[in-house]
Amino acid sequence: MNFLNLHIPHLWTWLIVCLLVFCFVSYIMSKQANLFVSGRTGKKFSIFDLEFPASRSSLQSLIQSIDLLPNPSLFPEPANVKKAIRSQLWLDFIFMPAAYGGIFLLCMAASYCVRNALQNFFIIFAWMQMIAWLFDILENILLFRQIKKPVVMGTTAFKLYQIMELLKWSIASLGLFLSIFALCYCWLMGINSSHPLVL
Numbered sequence: 001m002n003f004l005n006l007h008i009p010h011l012w013t014w015l016i017v018c019l020l021v022f023c024f025v026s027y028i029m030s031k032q033a034n035l036f037v038s039g040r041t042g043k044k045f046s047i048f049d050l051e052f053p054a055s056r057s058s059l060q061s062l063i064q065s066i067d068l069l070p071n072p073s074l075f076p077e078p079a080n081v082k083k084a085i086r087s088q089l090w091l092d093f094i095f096m097p098a099a100y101g102g103i104f105l106l107c108m109a110a111s112y113c114v115r116n117a118l119q120n121f122f123i124i125f126a127w128m129q130m131i132a133w134l135f136d137i138l139e140n141i142l143l144f145r146q147i148k149k150p151v152v153m154g155t156t157a158f159k160l161y162q163i164m165e166l167l168k169w170s171i172a173s174l175g176l177f178l179s180i181f182a183l184c185y186c187w188l189m190g191i192n193s194s195h196p197l198v199l
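So in this note's numbering, spot 130 of the sequence shown is number 130, and the numbers just go up one at a time.
Hints are computed from structural coordinates only; laboratory data are not their basis. Treat each hint with caution, since some may be false.
Under the rule of at most 25 Å between Cα atoms (straight-line distance), these lysine-lysine pairs were calculated in the DSS-like manner [to be verified]: (1) K82 - K44; (2) K148 - K82; (3) K149 - K82; (4) K43 - K82; (5) K43 - K148; (6) K44 - K148; (7) K159 - K148; (8) K149 - K83; (9) K43 - K83; (10) K148 - K83; (11) K159 - K149; (12) K31 - K82; (13) K148 - K31; (14) K83 - K44; (15) K43 - K149; (16) K43 - K31; (17) K31 - K44; (18) K31 - K159; (19) K31 - K83.
Computed Cβ-Cβ distance ranges for the label pairs, DEER-style [said to hold, decoys possible]: (20) G190 - L166: 30 to 40 Å; (21) R40 - I124: 46 to 56 Å; (22) A79 - L19: 26 to 36 Å; (23) H7 - S55: 30 to 40 Å; (24) K149 - P9: 40 to 50 Å.
A virtual CB, placed ideally from N, CA and C, is assigned to each residue, including glycine.
Please work from the sequences and hints to get the whole structure.
Set out below in structure tokens:
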């Protein structure tokens with residue numbers, strides 16, 4: 001695994017940059033999410049409803065129901081709702097490197113504190129963030145197409161979409177929590193890092 005074990009100068013500086021971008025973009029996306037309403041009753045939904053549709057047809061139904069919004073004085077125009085979703089998807093391309101890059105850095109930092117199999121484990125998890133990033137890009141492309149022309153996904157396509165979402169969130173979540181746990185453990189136990197800038 002030595003060829004994957006990068007020495008990253010100014011690791012914590014880059015991590016802080018990722019965190020700042022993550023927080024800033026998350027704030028903007030939360031404001032955009034206020035426009036996420038659909039149906040005749042103006043029911044609110046979130047980006048997670050698009051990422052985790054309950055069935056093959058529910059994603060199509062949700063997007064089509066945006067056009068059913070009544071009374072523009074009480075609810076946003078359907079075009080503005082779709083514009084907000086598209087804007088959030090575009091912003092997600094800035095969010096992605098901050099999120100997955102930050103987790104990559106945390107996993108690499110954890111690998112500097114541990115040895116042998118655990119070191120290889122965190123190095124692998126660091127590079128697996130690139131897979132999660134790729135899945136996120138594919139998800140956005142699919143959602144862009146659905147907003148432009150909502151269609152019911154085929155059975156195989158829907159299963160692949162579900163697996164992709166599950167893998168994306170699993171890789172990112174495990175990388176984040178396990179690396180933070182390892183770094184906290186090393187810090188509490190006074191374990192020295194092989195990287196001069198870690199802890």
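Sort out which numbered hints this structure fails and list those numbers smallest first.
-> Checked against the structure, the hints that fail are numbers 18 and 23, while the rest are satisfied.
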